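J.: Could you build all of it, start to finish, from the sequences and the hints given here?
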Amino acid sequence: MLKIKNLKADIDNKSILNNFNLEIKPGEVHAIMGPNGSGKSTLSNILSGKKGYDVSGEILFENKNLFELETEERAHKGIFLAFQYPLEIPGVNTNIFLKTSLNAIRKARGEKELDAIEFLKLVKLKAKELKFDEEKLNRQLNVGFSGGEKKKNEILQMSILSPKLSILDETDSGLDIDALKIVADGVNSLRKKDNSFLIITHYQRLLDYIKPDYVHVLMDGKIIKSGGPELALELESKGYENFN
Amino acid sequence: MEEQLKIDFEKFLENTNFSKKNVEIKRKNFNNFIEKGFPNRREENWKFSDLNQIISKNIKNLSFYHDLSKPNKIDQSIFIDGLEHNKLVFVNGRIEKIEFDYEEKNKIEILDDLVLEKTKNTNNSLLFLNNAFVSKYFKIIVKKNYFLQKPLVIYNITNKDLVSKSINLKVDILLEENSSLKLIELSNDKSTTNFININYNFDIQKNSILKNYKIDNNSNSNIKYCFNNINQDTDSVSEIFLLSSGSKFIKNEINCNLNGKYASAFVNGVFILNETKHHEIKTNINHIVENTKSYQLIKGVLEDTSKAVYQGKIFVDSKAQKTDGYQLSKAILLNDNTEFNAKPELEIYADDVKCSHGSASGSLNEDSIFYLMSRGLNYQEAKKLLINGFLLDVIEKITDTEIRNLIKNIMNLKQ
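Note that the protein sequences, when read in sequence, are chains A and B. With this note's numbering, the residue at position 180 of the first sequence is 180, and numbering never jumps. With this note's numbering, the residue at position 293 of the second sequence is 293, and numbering never jumps.
Keep in mind the hints are simulated off the structure, nothing from the lab. Take every hint as true, because none was put in to throw you off.
Some but not every residue of chain B turned toward chain A, in silico, with C-beta under 10 Å:
id, residue
1, Asn365
2, Tyr371
3, Leu372
4, Met373
5, Leu385
Quick list of the computed label-pair ranges, beta carbon to beta carbon:
id, chain 1, residue 1, chain 2, residue 2, range
6, A, Lys181, B, Gly362, 36 to 46 Å
7, B, Glu366, A, Ser189, 30 to 40 Å
8, B, Pro71, A, Lys121, 55 to 65 Å
9, A, Glu118, B, Glu44, 50 to 60 Å
10, B, Asp101, A, Arg109, 45 to 55 Å
11, B, Tyr326, A, Glu236, 46 to 56 Å
12, B, Phe147, A, Lys181, 48 to 58 Å
13, A, Glu68, B, Asp161, 51 to 61 Å
Mimicking EDC-like on lysine to aspartate or glutamate, the simulated pairs with C-alpha atoms at most 20 Å apart in a straight line are:
id, chain 1, residue 1, chain 2, residue 2
14, B, Lys383, A, Glu73
15, A, Lys51, B, Glu381
16, B, Lys87, B, Asp101
17, A, Lys51, B, Asp367
18, A, Lys50, B, Asp367
19, B, Lys383, A, Glu88
20, B, Lys330, A, Glu88
21, A, Lys50, B, Glu366
22, A, Lys51, B, Glu366
23, A, Lys136, B, Glu396
24, A, Lys107, B, Glu381
25, B, Lys384, A, Glu73
26, A, Lys211, A, Glu230
Computed from a predicted model, the values in this text were never measured in an experiment. Ideal placement from N, C-alpha and C gives every residue a C-beta, glycine not left out.
T.: Below is the structure:
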């Protein structure tokens, strides 16, 4: 599904990612762990098409060169990024935003756009699954939401848009245990044989709830070790500093 | 210009039937205008908008005489659809229709040939000009205890025939005790490069409510000035909303005197400007007695090489304890060549007051755009959603639901 070959990314002449390689097959869950400044967020930004990086190498998503696609086209193709810091958008109603987003993606995929009633039915169902306060959907997008609510809102969007590849950028940071479980349940319910996940995190904690197939350790812009879930436990006990 | 002005003024007096007293006052105003001329940037009030320069740059051979003897046809297609309303229609500065079909007849009184009063302590040269050249001076009186059933829309239409003229309109509105009026002013201009000078005087008596929506939305090359003087008595409310968008230049000036306890004034406005448009909102909110309240929220979205100015002044008299005054202005600059000037002024002589002001301007947040695009919206859609969200905040302050929806429609903000 996703093939990253020799990815190099610089920002303001500072190298962030270097010789980065990763392959994710349909249905797989990959976790990337690494210390602050190792390039985790840069990776998720680049996969989503954020501007401002000098990049080289190759990223193929379903055999299509991602560098040729704009951010919204990547979303249309099924890439979703759950933001580490979801933005507050004043004046934009959450429900209307969700509907605009879903229909933009459905339209691009050649599917019928949902009308208001169909959409509300879907969003109600998903909100209930994620124990997301429905009343909040009538508020301005993320404005006045707590940290946990913002993260849950990301997962709600993910579940409504049902992407092929979901990238979770430190979705667990700032969540209490209850919220963490809800978020993990949300992710697990989306796990299907052709949906893949890339989970970026500092801590092993989230991986107790979402069992990854592979764990990669990212340091200084490249993957220094890959393994199964046990690698996360090893990291947790040794710490990044003593790891090598 | 002065020679031409004098000729035009004499011609105007000759062709209009004014009483002797009226002529005398008009001459006085005319001389005052001749002495002062159009305001320029040396006056503090006009430092961001040099009207003298703007007029000479944009209007060739401005003529002060305009024949008002023949009636004009009204293009009915510009009337607001889907909103029952009373009408006052000006075409090229001439009153063509006064219609209060939805109201009880004896509850509205219209005086249509008022004699000017001596202008009290003003040195506003544009008021002198207005007083000198206004041909019919109207007054609308809403009687005690009467709430108008439907809004009044004042249409200010100019058509293609009107070129490089100076047009002056003056309307007084009196809301007697415990009455209410919703007033929409809608301009529609197909004319070119005129100077349109409007003066409203509102007198809002005890317990009365004025809601005034000023809509300048259709693109035109006219230069406009609108001076609004508002006097408010005890427990009265004024709510003003400005959509400042269509004209080449417009300055809306609001002078509001909160003369009675518990009077409150709300001024909300949006600038939506492109090309070389230059708009200004200038407010003077005068808290004269205690327990009065004012609230101002102005937002702007500027494109191309447009320029917006907001000068907001809150004055608190030494007697006006427990004043609550608030003002905030924000602008999104879509381009490096746009300009937003904000000058908040607080002049406070009482010690037990709550006043605040703030202003911010910047470009659209690229991270927000990226967030929306990552959800499948293209750049234009994301930008539009953010801008609409930014402006909606002000639109939501409009307390009348029907008119709020109308304005959302006009602004293409319907979700």
